[in-house]
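Protein chains in written order, with the working numbering: chain A, 109 to 363; chain B, 7 to 243.
Each hint should be verified, as a subset may be incorrect.
Straight line, CA to CA, 30 Å or less: simulated DSBU-like cross-link-like pairs of lysine-lysine [said to hold, decoys possible]:
id: 1; chain 1: A; residue 1: Lys-111; chain 2: A; residue 2: Lys-190
id: 2; chain 1: A; residue 1: Lys-361; chain 2: B; residue 2: Lys-17
id: 3; chain 1: A; residue 1: Lys-190; chain 2: B; residue 2: Lys-17
id: 4; chain 1: A; residue 1: Lys-111; chain 2: A; residue 2: Lys-361
id: 5; chain 1: A; residue 1: Lys-361; chain 2: A; residue 2: Lys-190
id: 6; chain 1: B; residue 1: Lys-17; chain 2: A; residue 2: Lys-111
id: 7; chain 1: A; residue 1: Lys-155; chain 2: B; residue 2: Lys-69
Listed below are several chain B residues computed to face chain A (Cβ distance under 8 Å; list not exhaustive) [to be verified]:
id: 8; residue: Val-15
id: 9; residue: Leu-22
id: 10; residue: Ala-25
id: 11; residue: Ala-49
Partial selection, computed: residues in chain A whose CB lies under 7 Å from chain B [to be verified]:
id: 12; residue: Ala-312
id: 13; residue: Leu-349
id: 14; residue: Leu-355
id: 15; residue: Phe-356
These are computed hints drawn from the structure, not numbers from a lab.
All values derive from a computational prediction rather than experimental measurement.
Glycine residues also receive a C-beta, built at the ideal position from the N, C-alpha and C atoms.
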Amino acid sequence: MLKQIRTIAHYTLLEAMGNRLIWLFAAVLVAGIGFTGFLDELALTEKREIQLALLAALLRFSGIFLLATFVVTSMVREFNDKGLQLLLALPVTRAGYLFGKMAGFAALAAVPALLFGLLTALLAEPGPSLIWTVSLMLECWIIAAFSMLCVLTFNQVMPALSAVMGFYVLSRSIGTLQLIGSQPLAEHSVSQRIISVMIDCLSAVLPHLDQFTRSDWLVYPGAGWPLLASLAGQSAIYLALLSGAALFDLYRKNL
Amino acid sequence: MRERSLSAVPKAALLLLAAGLCAQLLWHVSHPPARAAAASLPAAPSLSAVQLASLGEPIALSKILLLYVQGFDDQPGVQAPFRQLDFERVTGWLGLTLQLDPRGQYPLFLASRVYGEVGDPVKQRIMAEFVYQAFSANPNQRWDALANVAITTRHRIGDIVRAERYARALREQATGPDVPDWARQMDIFMLADMHDYERALQLLDGLIQGGQISDINELRFLRERRERIASEAANRK
Numbered sequence: 109m110l111k112q113i114r115t116i117a118h119y120t121l122l123e124a125m126g127n128r129l130i131w132l133f134a135a136v137l138v139a140g141i142g143f144t145g146f147l148d149e150l151a152l153t154e155k156r157e158i159q160l161a162l163l164a165a166l167l168r169f170s171g172i173f174l175l176a177t178f179v180v181t182s183m184v185r186e187f188n189d190k191g192l193q194l195l196l197a198l199p200v201t202r203a204g205y206l207f208g209k210m211a212g213f214a215a216l217a218a219v220p221a222l223l224f225g226l227l228t229a230l231l232a233e234p235g236p237s238l239i240w241t242v243s244l245m246l247e248c249w250i251i252a253a254f255s256m257l258c259v260l261t262f263n264q265v266m267p268a269l270s271a272v273m274g275f276y277v278l279s280r281s282i283g284t285l286q287l288i289g290s291q292p293l294a295e296h297s298v299s300q301r302i303i304s305v306m307i308d309c310l311s312a313v314l315p316h317l318d319q320f321t322r323s324d325w326l327v328y329p330g331a332g333w334p335l336l337a338s339l340a341g342q343s344a345i346y347l348a349l350l351s352g353a354a355l356f357d358l359y360r361k362n363l
Numbered sequence: 007m008r009e010r011s012l013s014a015v016p017k018a019a020l021l022l023l024a025a026g027l028c029a030q031l032l033w034h035v036s037h038p039p040a041r042a043a044a045a046s047l048p049a050a051p052s053l054s055a056v057q058l059a060s061l062g063e064p065i066a067l068s069k070i071l072l073l074y075v076q077g078f079d080d081q082p083g084v085q086a087p088f089r090q091l092d093f094e095r096v097t098g099w100l101g102l103t104l105q106l107d108p109r110g111q112y113p114l115f116l117a118s119r120v121y122g123e124v125g126d127p128v129k130q131r132i133m134a135e136f137v138y139q140a141f142s143a144n145p146n147q148r149w150d151a152l153a154n155v156a157i158t159t160r161h162r163i164g165d166i167v168r169a170e171r172y173a174r175a176l177r178e179q180a181t182g183p184d185v186p187d188w189a190r191q192m193d194i195f196m197l198a199d200m201h202d203y204e205r206a207l208q209l210l211d212g213l214i215q216g217g218q219i220s221d222i223n224e225l226r227f228l229r230e231r232r233e234r235i236a237s238e239a240a241n242r243k
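Kindly produce the complete structure, drawing on both the sequences and the hints.
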C-alpha cells in the first residue's frame with residue numbers, strides 16, 4: 109500500500125504544479141513583501157512588530173484559503189471526471205487512495221508554509237519563525253484533511269468550501285466563544301446554559317486553531333518547542349480522527 | 007445513490023475513527039480551556055495599525071474593540087475584575103477607540119460610569135484624568151462624562167481640589183447651548199465647599215447679574231445660595 113500512497117501523492121503534487129498553485133503562493137509572497145514595505149512607510153513606531161503581526165496574519169489566512177480551495181476543487185473535479193472510479197478499477201485500495209491524496213496535499217502544504225516562513229524569518233528571530241512555520245504546516249494539514257472529508261461528504265465545491273471555511277472560523281474562535289459562554293452572568297438563563305453546553309461540546313471535537321501559528325510568537329518572545337510539541341500532538345490526534353471519518357465516508361460511497 | 011452498508015467499511019477504518027475520536031476527547035479533557043485573567047489585558051496597539059486593520063471601517067472596529075476591552079471585566083474566576091485591570095492599559099484602549107470614533111460616547115461612558123466607580127481612588131483618578139483630557143478635545147459633546155467624573159471625584163473619592171478643577175473646566179469650556187446650567191454651576195458650589203467664599207461669591211454675582219439666566223426660579227435659587235454662602239463666609243470671619 110505504501111507504493112500506492114507514494115504514487116498517488118506524487119500525481120497529486122504534479123497536478124498542483126500543473127494548476128500553477130505554486131505561482132499563486134509566490135504571488136501571495138510578493139504581495140506580502142509589498143505589504144510590509146507599505147507598512148514600513150506607514151508606521152511611526154514599532155515598525156517591525158506591526159509588519160510582522162499583519163504580515164503573519166495575511167500569510168496564514170492566504171495559505172489556508174488557497175490550500176483548502178485547491179483540495180476541494182481538485183477532488184471534486186476528479187470525482188466529476190470519474191478519475192476516482194478509474195483509479196479504484198486498478199489494484200488500488202480506497203485507503204491507499206485516501207492516504208495517497210492526503211500525503212500529496214500534506215507535501216503541498218509544506219510549500220506555502222516554507223515560503224511564508226522564510227519571509228517571516230527576514231523580520232523575526234529564526235527560532236520563533238521556525239516554530240511559526242511548522243505550526244502553519246500542521247494547521248494546513250488539518251485543513252487539507254478536513255477539506256477532503258467535506259468533499260467526500262458533500263461532493264460539490266460550494267457546500268464543501270463553505271463547510272471548510274465555517275470549520276476554520278469556528279476552530280479559530282472556539283476559545284473566545286467558550287470564554288464568552290462561561291460568563292457567570294450568562295449562566296442564569298436556561299437558554300444561555302444550553303448554548304454554553306453546546307459550545308463546550310463543539311470545543312471538545314474541534315481543534316483549537318486559535319492556539320496555532322500565532323503572530324505574537326513572531327512579535328514577542330515566549331514561543332518555545334514544548335508549545336510546538338503540544339500542537340503536534342493535537343494535530344496528530346485530529347488527523348487520525350479526520351482520516352477515520354474520511355475512510356468511513358469513502359468506504360460507504362457507492363461508486 | 008444509496009450508500010454501501012456499514013459492513014463495507016473495514017474494521018481498521020472504524021477503529022481509526024473511534025480511536026481518533028477518543029483521543030480527541032481525552033486531549034480536550036486534559037487541556038482545560040483558557041480562562042482570561044483580569045491582568046492579561048494587553049497594551050493597546052498603535053492607532054496606525056488599528057486604522058489599517060479596520061479596512062475603512064474605523065467606527066465598526068472601534069465598537070468591536072470596546073466590547074473586547076469590556077470583555078476583560080466579565081471573566082469567570084475573577085473576584086474583583088475592575089480593580090485588577092491595569093488602568094493605564096485600559097485608558098490606552100479607550101483612547102484608541104475614541105480616536106477611531108471621536109463622536110462616540112461609549113468610551114467616556116465606560117471611563118466615567120464603569121471604570122470610574124471601582125472604589126479604588128488611585129485607579130479612579132486615572133480614569134478621571136482620562137475623561138478630563140478627552141473632554142478638552144470636544145467640551146460641548148463630552149461635558150456629561152466630565153460632570154459625572156467631577157461628582158464622583160468630589161463625593162466618592164473626596165478629592166475636592168481635583169473635582170473643582172474639572173468643574174471649572176466645565177464652566178470655562180462647555181459653553182454650548184446643550185450644556186445645562188447645573189453643570190456649569192458646579193464649580194461655584196465646590197468653591198464654597200472649599201471655603202473659597204470670595205471666588206464663589208464673585209462667580210455667583212457674575213451669574214445673577216450677567217443676564218444669562220432668565221428662569222425666575224433658578225435666579226431665586228442662586229440668590230438664596232448666595233445669601234447662604236455669604237453668611238457662612240461671615241461666620242468664619
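Provide an ascending list of the numbers of those earlier hints which the structure does not satisfy. Number 11 - this is the single hint that the structure violates.
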